[in-house]
Amino acid sequence: MVGVDGEVGIYLDRENKVVYADFGDPVDFPILHSLLRMFEVICKANLQLFQDNVKNFSLKLDPPEKPLLYPKNQLIPSEPNTLVCHASGFFPAPVHFYWTKDGLNVTHTASVSQPYPQSDGSFTQISRLDLVPEEGQVYSCGVEHPSLKGERRTRMWSESHITSRTTSVTTCTTHTTSRTHSLKGERRSRMWSK
1 MVGVDGEVGI
11 YLDRENKVVY
21 ADFGDPVDFP
31 ILHSLLRMFE
41 VICKANLQLF
51 QDNVKNFSLK
61 LDPPEKPLLY
71 PKNQLIPSEP
81 NTLVCHASGF
91 FPAPVHFYWT
101 KDGLNVTHTA
111 SVSQPYPQSD
121 GSFTQISRLD
131 LVPEEGQVYS
141 CGVEHPSLKG
151 ERRTRMWSES
161 HITSRTTSVT
171 TCTTHTTSRT
181 HSLKGERRSR
191 MWSK
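In UniProt numbering, the protein residues as written are 1 to 194.
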């Protein structure tokens, strides 16, 4: 088949050894059939050569850093929120996220972004888990990648991060501000560590 801009212009019928063109009647071109057979032989030889070389090819795997885990908003008991799990520094994409709530798998309720390429050739990817936090709950986000050889890098989120409604506004604000700064600082330091 030969075409331009997605339009088929010429089609070779190998069984009938006839060339069809949109602009004319079928024509017999023995030279085109010879070329077609030659290209098939070359293509099969190149495919075999490629397959032989790929067997000995090993891809360099870069593991993800330990994921960052943080809430979209300040966690307050009984108020809907979202935990964000951010994995970065891995190659190739993607990573697989694994979420737990009090030790039970809740991965099926999470959403996962597409992997995003970084300037250093690695990838970053995000997963989000919608939740209604309660005091005493423990959440975790784990990241799996071929470079980890069956292991999982996990970050925990527990009740110490959930602010009780009885906490004073001043304490709540101070806690939130300091936690936000430490998360931003941690993220920044991880980005510049390579």
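Any given hint could turn out to be false.
List of simulated lysine-lysine pairs, DSS-like, C-alpha gap at most 30 Å [unchecked claim]: (1) LYS101 to LYS72; (2) LYS66 to LYS101; (3) LYS149 to LYS44; (4) LYS149 to LYS60; (5) LYS55 to LYS72; (6) LYS44 to LYS60; (7) LYS101 to LYS149; (8) LYS66 to LYS149.
If you are wondering where the hints come from, they were derived from the structure by calculation, not from laboratory data.
Predicted, not measured: the structure shown is a model, and the values here were computed from it.
Now for the hints, and whether the structure bears them out:
Distance restraint check for LYS101 and LYS72: the Cα-Cα separation of roughly 17 Å lies within the 30 Å cut-off, and the hinted pair is therefore satisfied. Annotation: proposed proximity of LYS66 to LYS101 holds, straight-line Cα distance about 19 Å (limit 30 Å). Using a Cα cut-off of 30 Å, the hinted pair LYS149 and LYS44 is violated, with the two alpha carbons roughly 35 Å apart. The straight-line distance between the Cα atoms of LYS149 and LYS60 is roughly 13 Å, inside the 30 Å bound, and the hint therefore holds.
About 45 Å separates the Cα atoms of LYS55 and LYS72, which puts this hinted pair outside 30 Å; it is violated. The hinted pair formed by LYS44 and LYS60 meets the criterion: a straight-line CA distance of about 28 Å does not exceed 30 Å. Distance restraint check for LYS101 and LYS149: the Cα-Cα separation of roughly 24 Å lies within the 30 Å cut-off, and the hinted pair is therefore satisfied. For the hint linking LYS66 to LYS149, the alpha-carbon distance of about 15 Å falls within 30 Å, and the restraint holds.
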